[in-house]
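Keeping their order, the protein sequence lines are chains A and B.
Letter by letter, the first sequence follows residues 1 to 299 in this note's numbering.
Letter by letter, the second sequence follows residues 1 to 299 in this note's numbering.
Treat the hints with caution; some may be incorrect.
[As the list claims (entries may be wrong)] A short list of chain A residues far from chain B (calculated; beta carbon distances all over 10 Å): (1) P71; (2) P108; (3) W246.
[As the list claims (entries may be wrong)] To give a feel for the contact side, a few chain B residues facing chain A, derived at Cβ under 7 Å: (4) E76; (5) V158; (6) E167; (7) D203; (8) A219; (9) A237.
Read the hints as simulated data drawn from the structure, not as lab findings.
Just so you know, even glycine gets a beta-carbon here, dropped at the ideal spot from N, CA and C.
Each chain, written out:
Number of protein chains: 2
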Amino acid sequence: MKADWIAVDWGTSRLRAVAMGPEGILAEAQSDDGAGRLAPDGFEPALLRLIAPWLGPGVTPVLACGMVGSPEGWHEVACRTTPCAPLDPDALVTVPVRDARISVQIVPGLKQLRPADVMQGEETRIAGALALHPGFDGAICLPGTHSRWCQISAGEVVSFQTFLTGEMFALLSEQSVLRHGLAEGWDDSAFDAGVAEGMARPDRLMAQLFRIRAEGLIAGLPGPAARARLSGLFIGAELAAARAWWLGLPVLLVGPDRLTALYSRALAAQAVNARSLSATGCTLAGLARAAGALSKAAR
Amino acid sequence: MKADWIAVDWGTSRLRAVAMGPEGILAEAQSDDGAGRLAPDGFEPALLRLIAPWLGPGVTPVLACGMVGSPEGWHEVACRTTPCAPLDPDALVTVPVRDARISVQIVPGLKQLRPADVMQGEETRIAGALALHPGFDGAICLPGTHSRWCQISAGEVVSFQTFLTGEMFALLSEQSVLRHGLAEGWDDSAFDAGVAEGMARPDRLMAQLFRIRAEGLIAGLPGPAARARLSGLFIGAELAAARAWWLGLPVLLVGPDRLTALYSRALAAQAVNARSLSATGCTLAGLARAAGALSKAAR
Chain A
1 MKADWIAVDW GTSRLRAVAM GPEGILAEAQ SDDGAGRLAP DGFEPALLRL
51 IAPWLGPGVT PVLACGMVGS PEGWHEVACR TTPCAPLDPD ALVTVPVRDA
101 RISVQIVPGL KQLRPADVMQ GEETRIAGAL ALHPGFDGAI CLPGTHSRWC
151 QISAGEVVSF QTFLTGEMFA LLSEQSVLRH GLAEGWDDSA FDAGVAEGMA
201 RPDRLMAQLF RIRAEGLIAG LPGPAARARL SGLFIGAELA AARAWWLGLP
251 VLLVGPDRLT ALYSRALAAQ AVNARSLSAT GCTLAGLARA AGALSKAAR
Chain B
1 MKADWIAVDW GTSRLRAVAM GPEGILAEAQ SDDGAGRLAP DGFEPALLRL
51 IAPWLGPGVT PVLACGMVGS PEGWHEVACR TTPCAPLDPD ALVTVPVRDA
101 RISVQIVPGL KQLRPADVMQ GEETRIAGAL ALHPGFDGAI CLPGTHSRWC
151 QISAGEVVSF QTFLTGEMFA LLSEQSVLRH GLAEGWDDSA FDAGVAEGMA
201 RPDRLMAQLF RIRAEGLIAG LPGPAARARL SGLFIGAELA AARAWWLGLP
251 VLLVGPDRLT ALYSRALAAQ AVNARSLSAT GCTLAGLARA AGALSKAAR
């Protein structure tokens, strides 16, 4: 089996590769060799460990997106400046490699000058979402460790805003004093109450957090309800701060199913009917679009 | 040297003891035997390691406050319910001990039923602040890992509110993606700008945080300025959410000098002239007030 080209999503903690043939996906593989765990000279060997079985005679093109192009990645790639199309096949950056069997290109991230913001990897998912929904105008939200809200118009990312929502939830639920009152499990109504509270009074977020611990101590708030409410509070506060992005506009959610389901539920309470797309599918669709343009240019 | 009585501030990470004589402080000692690091049967030995040199013939009273009385402490002590005086000498709880040379009593924390809240240790500092400023009516703010704003009237804690400010700053500055852009050092004007931004738009806190990282990446925001701005943002958001506590009222700040200086600066920008007291001094004054009442009752 020989791949026509290879799609790579190289995040901070995971490396994912997909072998692509004329009919689509031939094989998939992943490893823990995230960009955050490798020294610059560790990237090429880590990639080859994963994709060597898919290489044949001749040169196989590899298209990569994500933190691999950050200052702490394999090869720093300058971000493109918004407003712009999420992905420009002419702007891919070639990485010097030692192994003659591969050529590697990285998709540049996007930056916004005022207010300052950056993304790296999401631009490819946005390109994929637009490839799957041609002509989409509105908001694309990409929930995750860092959640991003993007204003899309005429195929361009007009503006965007990053939120630390996922990272704050992880830090507070695993390491702060709140952890003593949380437990695995879930409670939809506690999540809904948290979203409502976070959306109604985002200016009181700092005051709402400790109350979860206090209610556990003196009012018996169960651990799963406490955890769902904390998640709801953060998502509600994010939706309040991101209101200008989604109010009255079509919304696409691109992310892991678990997260898009939560955001979809929170938005539904605001009468916003968001459509959800898988992050993996959008990444592949974005890279495939770039690969298609490259192969057309090569013909 | 024999102590008349011993004052103990037993927090999560530190144990501090002061030997008191007829004229005041005779000696001080502290150790890392915080309440968070000891099993229930480890408390009495940890205390004796520190205070044994101060014990003579007869029984020496020990008065303790802080997490020592929490469910994870030496001996769980039920909280008193606000509104109430911060410290009631008749409500101290005696801990059973093995060593006949000491008697140990713990100051109960306070709880508020609606909205749910708790404090343990701060009640003693509030009692001390009121002993140092008899008749004070207004707001007492106790900044720290968890910051607490308390409404004081006629010698009672009428209501209070806990904020996770210190803990969130520590988690985000040391462990989140923001840490890459922060550095030791300080920048007063960046702190002031953070406070102003946090106070003006507390509802956008979730959106303001990542901007610090982005400005570091694409606009060269220096590490010390980024750190000061993050601190300012959190303190500003806290002051906004706590506005009902301090607006138009006298304010006492009780805490470590480093923190009361920051809060004092932030409040001054709102034309609030807060007075600062040392946390250590207030704890001792609070315990001394309880000890005085006990010794009067014993005569």
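We went through each hint and held it up to the structure:
| no. | hint | verdict |
| --- | --- | --- |
| 1 | P71 | 8 Å, violated |
| 2 | P108 | 13 Å, holds |
| 3 | W246 | 13 Å, holds |
| 4 | E76 | 11 Å, violated |
| 5 | V158 | 17 Å, violated |
| 6 | E167 | 5 Å, holds |
| 7 | D203 | 4 Å, holds |
| 8 | A219 | 5 Å, holds |
| 9 | A237 | 5 Å, holds |
Hint compliance for this structure: hints 1, 4, 5 are broken, all remaining hints hold.
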